[in-house]
Amino acid sequence: MRLELRDITKRFPGVLANDGISISADRGEVLGMLGENGAGKTTLMNILSGLYRPDSGEILIDGQSKVFHDPADAIGAGVGMVHQHFMLVPVFDVVEAVALGAETVSGVLGRFDRAVARARIVALSEQYGLDVDPDARIENLPVGVRQRVEILKALYRHSDILVLDEPSAVLTPLETEELYGIIRSLKATGTTVIFITHKLNEVLEVADKIVVLRRGRVAGTAIPAHTTRQELANMMVGRDVELVVPKGPASPGEVVLSIRDLRVRDDRLEIAVDGVDLDVRAGEIVAIAGVQGNGQTELVEAIVGLRAIDAGEMSIGGERIEHATPRHIADLGVAHIPEDRGRDGLINQMTVAENYILDTYHREPYSRRGLFDLRAVAARAKQGVVDFDIRTPSIETTAASLSGGNQQKVVVAREFSRPVRLVVAAQPTRGLDVGSIEYIHRRLVEQRDAGAAILIVCTELDEVLAVGDRVAVMYEGRIVGVLAGAEATYEAIGLLMGGAHFGGAAA
Amino acid sequence: MTKLVALLRRGALPILAVVTALLFGAIVIVITDFENLSRLGSDPLGAIGGAIGGVGSGYGAMLSGAFGDPGRILTALQSGSQKDIATAIRPLTETLVASSPLIFAGLGVAISFRAGMFNIGGDGQLIIGALGATTTAIALAGNAPAPVILVAAIIAGTVSGGLWGFVPGFLKARTGAHEVITTIMLNYVAAQVVLFGLRSDFLRAPGSGQPISKVLTTFVDVPSILSLPAIRLDYGFVVALVMAVIVSWLLFRTTKGYELRAAGFNMTAARYAGMSAGGSMMLAMFLSGALAGMGGSFMVIGTVGQLSNDLSGGIGFNAIALALLAGLRPSGVVLAALLFGALTTGGKLMGIQSGIPFDLLFFVQALVIMFVAAPGLVRTIWRIKTPPVEAEVAT
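Chains as they are written, first to last, in our numbering: chain A, 1 to 507; chain B, 1001 to 1395.
In short, the hints are calculated from the structure, not lab data. Be careful, since some hints might not be right.
Straight-line alpha carbon distances no greater than 20 Å define the calculated EDC-like cross-link-like pairs of lysine to aspartate or glutamate that follow [said to hold, decoys possible]:
id, chain 1, residue 1, chain 2, residue 2
1, A, Lys66, A, Asp7
2, B, Lys1256, A, Asp373
3, B, Lys1348, B, Asp1043
4, B, Lys1256, A, Glu364
5, A, Lys382, A, Glu396
6, A, Lys247, A, Glu446
Rough simulated footprint, nothing fancy, chain A against chain B, three-plus residues with beta-carbon under 8 Å [as the list claims (entries may be wrong)]:
id, stretch
7, 1209–1220
8, 1294–1308
Glycine residues also receive a C-beta, built at the ideal position from the N, C-alpha and C atoms.
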């Protein structure tokens, strides 16, 4: 079916989320919707899926104007959503999960007619090339397959227009490739697909046409064949950005962080880091690549002293740190940019100034004998805001009201506000827009060139290749390969991330 | 100017919560006035007038019960008669007397809640503090000069309340035992400990069959602010105000206070920043208990004069309510404690003069808490628009 959104405007108190947005997608067309966080993508899709009502503008399906009062209306009109976070009951099997809410029933008691549902699901998965075992339990399925179940759910409800919200965020490179295949077969059968993402490669790969949103408006449209990553990135940000921060070759010095046969358990007490050996030298960036959940989080927590280790040795600049406290490790000159800035790196209710001193508050000049020198705090925080270009109304603004990019800049400014020997950055650009990513990368390279050792954990291959001087791939708690220079290719790393042995991959 | 606006915005909801609660209280006064309601059929205007009059006289009595009658105070001041002045200003001073332990305990709650510890044990900590002060005072009676006994009793009471609060903090830090459970349970333990203490001849009032202690104020007494007959207001109230300043200073000007607040807002981030989460829990609970205990101490050697097992009468619980009403701000705690003190003393006169049961006050207090806890409700009732979401600052 042909979908058209005409002049959609949606205003929230103080924010114009969508400002006269018009887009359209024909039957069997894949529309890539690109935009930074806060550009209005999610609002627009929530309007399309019936969660919000637009203040003005209309939704046309096959030329007919539709008003969605709730998500059920949207589903009824053939619009299906696949959310970024899956909404599946873990203990259900695939048939139950797909049919939930749209069950075929029989008899006076309305018994769930599993056979009918199962048959339809099998037929659908064959038709669209969605390889799913209908009797498997959801909790036993890998993430990529769960996503297929979500897509099946939408198709089961006769969706002719499918909205995929950041579908690749949780997938391995291989699973992402498979997703492209699924999208192509959906397209071939006449399904209209709206593919929301902030990743440039993906829209270029799979979309028929691209709409770029910026600050609630359509910033431009493009056809993949006639555009470049650079052009799209500039459109998204509204200025010229550098997708790959320029950096010279690394000049590695002495070993700063040394890890030998490290074993660490996760919260469920299962081995998460399983005999890792790793050296990070001064003046180099080591990127740890891997799909999330392969022990990277536990590795980082162990290094910065937040997680007790099972066995192994760790040292920073020759000093053993197996049993050191987080504060002691920080005092050794370790800057830590945690994985989840909202949860681990910032106190949202506190001000920018208070967050700026979160791990140095107990030292001069911020405090003396337990008493704050509020003037010194304010002066340094203001300097940090200027140096790191943090866009905030004032240093008294709460961290919660900053954008993600600026929140991360507060964290980075704080961590780099003291002498740094080792930087441990866990997914430092997760959820950030192109402009902020550029900025954070630039700062990391700056620290490297100033002689710091940098360990960065990334789940995205683009980032691994853009910043890493050496790439260590982590899979199931182990480092399965360390690649540098020409060896470090997209394909080689991708295969290792999926668990293939490097030797096998090369053959 | 912007500060003033911010202050008003911050104060608007608590004030509306109180106003709304009083309005609901008025409705209850009207619909429980059956005699007046029965006239509604025959004499509707009279019934409505009676209803308004009933509410007016009830709340009027409460006001003068809480703050005194201005005219009477003026006349008394002009007459110069100490007895008249005392009678006229007594409602006001009694309000301050009632507020004083509420300020102490409320500050304690504010500290612990700020640190993310839901200390429900204010009652137990207050009464254990009172027990510590009483025991010390009686032990030192006759062996030391009165000022020394005074100071020693207050210190002992404060420390014992603090230790009583420290226990749940320690248990949480070491074993993860939830402080809500442990503090509530320790309230019962505290009550039994005090009862046990009051059975001993050492503490119990001679010849009394009741669980009350000897009268302490015969040999140690917190100095009065006004030397007028029957006026109980003493420097304990001033100390409460001073503590509010100290707590505010501690929370916002010291690194310890910063740690407490950081841990309270976000324990994970505090840990990531190298702070000791357990240390914050124990410190916050000690300070919280210490403040409640100090409040209890000032009661037994000051305004109340002796220890009884029902000394607290729920102060520890009211303290939670008023601390929340105050938005956990020390200055707000003082204001909210004054309000609660006024409601309590005013409610007594309302009960005597207008026949409206004193229990209405509990109803109003409960509503205040409910409305504070559910700001959306107040906004809906008064049709206040939700404050605009702070626009994300563009990158």
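Against the structure, the hints come out as follows:
For the hint linking Lys66(A) to Asp7(A), the alpha-carbon distance of about 14 Å falls within 20 Å, and the restraint holds. Restraint check for Lys1256(B) and Asp373(A): satisfied, since their Cα atoms lie roughly 14 Å apart, inside the 20 Å limit. Of the supplied pair hints, the one linking Lys1348(B) and Asp1043(B) is violated, its CA atoms being roughly 32 Å apart against a limit of 20 Å. Straight-line distance between C-alpha atoms of Lys1256(B) and Glu364(A) comes to about 15 Å, which keeps the hinted pair within the 20 Å bound.
Between Lys382(A) and Glu396(A) the alpha-carbon distance is near 10 Å, which keeps this suggested pair within the 20 Å criterion. A distance of roughly 9 Å separates the Cα atoms of Lys247(A) and Glu446(A); the hinted pair therefore holds under the 20 Å criterion. With a cut-off of 8 Å between beta carbons, the stretch 1209–1220 of chain B has 0 residues touching chain A; three or more are needed, and the interface restraint is violated. Residue count for the stretch 1294–1308 of chain B with a Cβ under 8 Å from a Cβ of chain A: 0. That is fewer than the three needed, and the coverage hint is violated.
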